[in-house]
Every structure is written in C-alpha cells, then in structure tokens.
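Spelled out from the first residue to the last, the chains are:
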Amino acid sequence: DVKVTQSSRYLVKRTGEKVFLECVQDMDHENMFWYRQDPGLGLRLIYFSYDVKMKEKGDIPEGYSVSREKKERFSLILESASTNQTSMYLCASSTGTGRTYEQYFGPGTRLTVT
Amino acid sequence: GDSVTQMEGPVTLSEEAFLTINCTYTATGYPSLFWYVQYPGEGLQLLLKATKADDKGSNKGFEATYRKETTSFHLEKGSVQVSDSAVYFCALTDYSSASKIIFGSGTRLSIRP
Chain A
528 DVKVTQSSRY
538 LVKRTGEKVF
548 LECVQDMDHE
558 NMFWYRQDPG
568 LGLRLIYFSY
578 DVKMKEKGDI
588 PEGYSVSREK
598 KERFSLILES
608 ASTNQTSMYL
618 CASSTGTGRT
628 YEQYFGPGTR
638 LTVT
Chain B
832 GDSVTQMEGP
842 VTLSEEAFLT
852 INCTYTATGY
862 PSLFWYVQYP
872 GEGLQLLLKA
882 TKADDKGSNK
892 GFEATYRKET
902 TSFHLEKGSV
912 QVSDSAVYFC
922 ALTDYSSASK
932 IIFGSGTRLS
942 IRP
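Quick mapping for you: the protein sequence lines, in order, are chains A and B. Using my numbering, the letters of the first sequence map in sequence onto residues 528 to 641. Using my numbering, the letters of the second sequence map in sequence onto residues 832 to 944.
I should point out that these hints are in silico values taken from the structure, not numbers from a laboratory. Quick reminder that beta carbons are idealized off the backbone N, C-alpha and C, glycines included.
The calculated EDC-like cross-link candidates involving lysine to aspartate or glutamate, where the alpha carbons are at most 16 Å apart (straight line), are:
1) Lys-598/A x Asp-578/A
2) Lys-883/B x Glu-629/A
3) Lys-530/A x Glu-873/B
4) Lys-584/A x Asp-925/B
5) Lys-883/B x Asp-925/B
6) Lys-887/B x Glu-907/B
7) Lys-530/A x Asp-553/A
To spell it out: a stretch of chain B is covered by chain A in this simulated footprint if at least three of its residues, at any positions, have a beta carbon under 8 Å from a beta carbon of chain A; those stretches are:
8) 875-889
9) 932-939
Required output: the full structure, derived from the provided sequences and hints.
Here it is, written out as structure tokens:
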C-alpha cells in the first residue's frame with residue numbers, strides 16, 4: 528500500500544514564525560502536492576512538484592514556498608506565518624506514469640497560527 | 832477551464848437507506864474521474880475511479896458510472912451504514928496538466944442509526 532506521512536498531525540505556531548511542514552512518500556512517486564483545506568472552500572492546490580528540485584505554483588502559492596531535494600520528500604514552508612494561514616494542510620503523491628494519476632493523501636496537518 | 836460540481840450537503844440519511852450524491856463535470860478531452868472519501872480527522876482516500884466512458888467504478892458497496900453523454904459521475908450505494916458518515920469528493924484529472932486533479936467542493940454525509 529502507498530503510504531504518505533506528514534510530520535505532525537497538529538501544530539501551533541505564532542505569527543511571524545517560520546514553519547516547515549514535511550511530507551514523505553514511500554512509493555517512488557514522481558509527483559507530489561500540497562493542498563490546504565478550509566470549510567466551504569474545499570481543497571485548494573498550493574504547490575506541486577513533478578520531479579526532484581522541480582516545482583510549479585498551484586492556485587494559491589502566495590505566502591508559501593516548497594522544497595524537494597529528494598524524490599520521497601516534499602516540504603511546505605511558511606516564511607512568516609500569519610493567522611490567515613490557519614488551516615488543514617494535506618500532502619499527496621501520484622505516479623508520473625500511466626493515465627489515471629490518482630493521488631494518495633497523507634493524514635493532514637492541522638496548523639493553528641496565533 | 833475544467834471543473835466539477837457536486838451536490839451540496841449536508842446530506843442526512845437513515846441507516847440502510849439508498850444513497851445518491853450527484854456529480855457533474857466540465858472537461859476538455861477525456862478525463863479520468865474519481866470519488867474520494869474523507870473520514871473525520873483523516874486525509875482523503877480514493878474510493879473508486881473510472882478512466883473512460885461507460886466504465887463503472889466500485890468499492891465497498893459504492894458505485895459510479897462514467898457518463899460522457901450527461902457529463903456525470905454520480906455516486907450510489909444501495910444500503911448505507913453509520914460508518915459511511917464522511918465527506919465525499921468528486922474529482923477529475925486536469926486536461927492542462929494530467930498529473931493534477933480538480934476536486935469538487937465536497938458533500939458531507941451523515942447516517943443516523
């Protein structure tokens with residue numbers, strides 16, 4: 528089974544702190560994704576990566592950056608956390624081959640910025 | 832651009848009732864279609880998928896058929912259980928970037944014992 532793990536289930540940070548959210552997948556997937564999930568807004572794509580050191584902006588990249596130094600690991604960085612970044616953050620991965628491209632999700636990190 | 836529209840919730844049913852959650856889509860080309868489920872406090876799990884017209888995806892008693900003529904992918908289950916209480920997301924692959932998926936807004940389902 529594909530396993531996607533995220534470094535924390537719950538995180539509380541202060542405004543202005545630098546925040547790192549880590550995601551690791553164990554299926555040698557080429558593609559990795561970061562979403563945020565907010566009530567009434569569904570899932571919104573922040574960034575994705577289709578290869579090591581490659582990244583693409585999603586729909587809401589402002590205030591975020593990412594890093595992918597190894598194939599299995601994809602990090603989301605909040606350079607200076609703000610209260611409007613309080614949310615559930617979901618990481619996902621998918622294979623780069625084949626046609627269906629279904630994504631496999633981690634359990635999520637609920638981030639609170641105070 | 833491509834998009835997914837699914838029925839708004841919340842949907843509340845009694846145990847053993849028949850379930851339908853409607854999903855329609857707008858897409859360029861021939862996307863793959865998915866239903867994901869999110870149980871409380873967890874990430875999303877793939878429930879079922881269909882990759883071409885008239886395909887039927889099925890899993891755990893849930894079914895959905897890829898209807899190209901009506902651009903629909905409605906989720907059905909004949910007899911729901913309390914354990915089916917969750918949020919359900921309809922989704923499709925994005926024509927502009929096949930590795931991306933476009934998600935609907937989600938439908939919250941609650942089942943009464």
